[in-house]
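Asks: Sequence:
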Amino acid sequence: MLQTPSGGAGSGTAARDSGLMSIGTVLNVLRDEFPEVTISKIRFLESEGLIEPQRTPSGYRKFSPRDVERLGHVLRMQRDHYLPLKVIREHLDAMERGEAAPLPVVGRQRSGDDGPEEAERSTVARIGRGELLAAADIDEAELREWESYGLLTPLADGVYDAEAVTVAALVAELGRFGIEPRHLRVMKAAAEREAGLVDQVVAPLKRHRNPQTRTLAETRTKELAALTMKLHSALVKAALGVRLP
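Residue numbering for the sequence shown is 1 to 245, as defined by the numbering used here.
Do not take every clue at face value.
[Unchecked claim] Here are the simulated DSBU-like cross-link-like pairs (lysine-lysine), alpha carbons at most 30 angstroms apart as the crow flies: (1) Lys188 - Lys230; (2) Lys188 - Lys237; (3) Lys86 - Lys62; (4) Lys222 - Lys86; (5) Lys206 - Lys188; (6) Lys230 - Lys206; (7) Lys222 - Lys188; (8) Lys188 - Lys86; (9) Lys237 - Lys62; (10) Lys206 - Lys222; (11) Lys237 - Lys222.
FYI, nobody ran anything at the bench for these hints, they're computed from the structure.
Based on the provided sequences and hints, a complete structural model is requested.
Replies: Printed below as a string of structure tokens:
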């Protein structure tokens, strides 16, 4: 369970507000477990009805400990179970009503009892087209447009990798700022070039016959992916001349 801070930046304000926290303080609390979370992400989850923070007369958000705990549950279910936001919202609402609410499953989930080969096949969760439309709150025409620009691509059996939910949510959020799908083709191309570079580095490990070496390839891929994402973010910030959370 997430713990509210007992000190540090923003804690004095939270105390004066009878335990309510600013969005910046909430960000600091969540980043202990979710280092990639941003203020924009929190605002997006609010817009999707996952949380309902109070508002001051001036319009500032104030989050209760319950809001922060609920945010933690949402982020955890996205990270660990690849669930669409609509499914997460329904699950949490059912729990708050006191109903029996077993955790939903989207596609295949990795199990600790799976063997090495089965585990490798199960690491990627799947989501159906209808679930993706509901999670991103878009219609068929929008999804077809995004697919035409290569931003989302269904797998061979017509379903999507669970990461498509994140991509769809971000494309939709950028659209609110007037950034159209056609503008994002350059980002897609850059991502594919970065992925190609990582694949080139780990390819010898992937081809190795030793299962431990192939496992090392997966670990190395994740490490390189994290580094390239950090570098990409730093380069964008430097190019814009701005400091972002």
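Asks: It remains to establish, for every hint, whether it holds in the given structure.
Replies: Checked hints:
no. : hint            : in the structure
1   : Lys188 - Lys230 : holds (17 angstroms)
2   : Lys188 - Lys237 : holds (18 angstroms)
3   : Lys86 - Lys62   : holds (24 angstroms)
4   : Lys222 - Lys86  : holds (28 angstroms)
5   : Lys206 - Lys188 : holds (24 angstroms)
6   : Lys230 - Lys206 : holds (24 angstroms)
7   : Lys222 - Lys188 : holds (19 angstroms)
8   : Lys188 - Lys86  : holds (26 angstroms)
9   : Lys237 - Lys62  : holds (28 angstroms)
10  : Lys206 - Lys222 : holds (13 angstroms)
11  : Lys237 - Lys222 : holds (23 angstroms)
Hint check: no violations occur; every hint is consistent with the structure.
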